[in-house]
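Here are the chains, one letter per residue:
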Amino acid sequence: NAGVTQTPKFQVLKTGQSMTLQCAQDMNHEYMSWYRQDPGMGLRLIHYSVGAGITDQGEVPNGYNVSRSTTEDFPLRLLSAAPSQTSVYFCASSYDGLTNEKLFFGSGTQLSVL
Amino acid sequence: SQKIEQNSEALNIQEGKTATLTCNYTNYSPAYLQWYRQDPGRGPVFLLLIRENEKEKRKERLKVTFDTTLKQSLFHITASQPADSATYLCALDRSSASKIIFGSGTRLSIRP
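Chains as they are written, first to last, in this note's numbering: chain D, 1 to 114; chain Z, 1 to 112.
Hints are computed from structural coordinates only; laboratory data are not their basis.
Keep in mind the model is a prediction, meaning the values are calculated, not measured.
Just to be clear, a hint being listed does not mean it is correct.
One-sided and incomplete, this derived list gives chain Z residues near chain D with beta-carbon spacing under 8 angstroms [what the hints assert, rightly or not]:
#1 Tyr28
#2 Gly43
#3 Pro44
#4 Phe46
#5 Leu49
#6 Ala86
#7 Leu89
#8 Lys99
#9 Ser104
#10 Arg107
#11 Ile110
Ideal Cβ positions, reconstructed from N, Cα and C, are used throughout, including at glycine.
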């Protein structure tokens, strides 16, 4: 039982490049979400999904796209990377999107945009 | 605007003492509040959840209180150990349970 798996662990991009951060969970959780973590600002919610085929925006969605074609996977796409997107990204899941108690986090992706 | 504040960026405590961390929030009424631990280079790990109708919750050396009148939660670690050194985050549901938001965290250091 791997929990929440994120890949890659580290990534360096040039401004304007696109990429996809991968997130997979093997706990059959309905709810999945993406956060970014910046020094002094805590975790900020980017996008979330309460089930396959359903996604919605969080606090800071601009510049990011998501899709949820399966229960297990929730990739985050950066369409045209900007230096402001340099951050550590965390994927999280929980059993029930309505109550959302107890989030399980992946180990993070450290992204640098030059 | 809605805000979560954790009382200090860093807290240094002597081993064996009780560490107390504070989480204050404004302008909304969460149904529950959660506390997470985060070690460097890792994702947060869930510790405790307390609901709005609960005053206190305990788990081993951890205790959380929730005062909805003061809009504050206190997180206590008794008999603190160097292994308790980490960043501790509080989190609340905002507007709907699908939107969990986090404070910026308190970095706790326990010195031997």
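So, against the hints stated earlier in the document, which numbers end up violated here? 1, 6, 10, 11
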